[in-house]
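Novice: Protein chains in written order, with the UniProt record's numbering: chain H, 1 to 251; chain E, 1 to 163.
One should not assume that every hint holds.
What the hints assert, rightly or not - The calculated label-pair distances, taken between Cβ atoms and stated as ranges, are:
id, chain 1, residue 1, chain 2, residue 2, range
1, E, G153, H, A142, 19 to 29 Å
2, E, K82, H, S154, 41 to 51 Å
3, E, N131, H, S154, 27 to 37 Å
4, H, I90, E, R150, 31 to 41 Å
5, E, D39, H, L74, 32 to 42 Å
6, E, N12, H, E5, 47 to 57 Å
Rather than coming from a laboratory, the hints here were simulated on the basis of the structure. The beta-carbon is built from N, C-alpha and C at its ideal position, and this holds for glycine as well.
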Amino acid sequence: MQLQEALQELITKMADDELVIGHRNSEWTGLGPVMEEDIAFSSMAQDKIGHALALYRILQEHFGGSDPDQFAFLRNAEDFRCCHFVEMPIGSYDFSLMRHFLFDHAETVRYQALAQSKYAPFQHLAGKVKGELKYHTLHADAWIIQLCTAGKESRERMQAALDTSFQLAGGIFEPGPAEELLIAEEIYPGEAALYTQWLGHISPVMEKAGLVLPELTAPVYGGRTGKHTPHLQQLLNEMGEVFRLDPEATW
Amino acid sequence: MQTITTLQAVYNSLEQVMDPEIPVLSVLELGMITDVKVDIEGVHIKMIPTFAACPAIDIIKENIKNAVEKDLQMPAFVSVDKEVNWNSNRLTAEAKEKLRDFGIAPPGRHEGDVSMDMLVKVNCPHCGSENTYLRSPFGSTLCRALHFCRQCGMMFEQFKPLS
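Let the sequences and hints guide you as you build the complete structure.
Specialist: If you want it as structure tokens, here you go:
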């Protein structure tokens, strides 16, 4: 695999993660347990989809990719490179919050690394996204600590959500087929390095919250090679339903 | 001389283009304009959104184009500047004052990095009290957070500091 191809693969998987988690976040619109949370998940959805759009634009402008809307709405599941974690249905609020916490810290370490990237479009985008993500992790950390220290049932549910999420979250860091090329060119530090940094970010919050960190024994891989859960195709069908009625329409 | 006069006219026109979500602030006061050039084709304006996913960006671009074309009677081309990122230090001092009068707490000035204190410790724009708390980092638009003032019992919004 050539460098250009490896870079394209990295951008695609990052963008697909953002789009799919963004859509999942948006499913809380109108359903959040309190109004502030409804607004929070809707706002984060908007941010994530904005990040996806910025990454799809890089593909379009630097790799001869297709129009971002067409790329987002017309591909089928097997062409997506998102991890299984983001595909999972929103479930109950404890799962969605835990996913938000684990995913957004992973996104933070990724963009912090990309701010130092030798690939200029990454460096520029990371500068923008890093600042925005601070609000996402602030929100996640506050709720994780709040709910984990709010009594027995609450704590147990959050621990259960963490246990359910952890192997899935490991799938965010599924290594790419040619990431050594990207590491050698100092485009990004590679998934293993990001995983270690991620643990460094989430551990202090978990400690404060009294959560027991599970061991990563069986990270859920497959998403990065186009193997997905059935949930993804269902999500894509719903997300693209209107767009597919008339893909040439101007909005 | 001609060019200088025209540039000034463009800026005068931009002063009248308000942000659709914060109608007391112009795109200039918000620090959204990064470059203005005038050549034989017309006026070329570069601008940046506050937050990457700002949904108002197309409306703002359109408003800028319409205002400049109407005032200067020449074609205007508005594009998003990909070289510059917006950060909250781009708000002018007057803009911060107007925000406060509008009931939105302005962001404090940061030194390249936004500290947790800057997000959490915000004076109430209504009564000036420091006795407030951050209720949610997400408000009615991407660029605002929700706070509550214990002193006057009012909810208020803050224009988020962004590095």
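Novice: Are any of the numbered hints broken by this structure? If so, which, sorted upward?
Specialist: none
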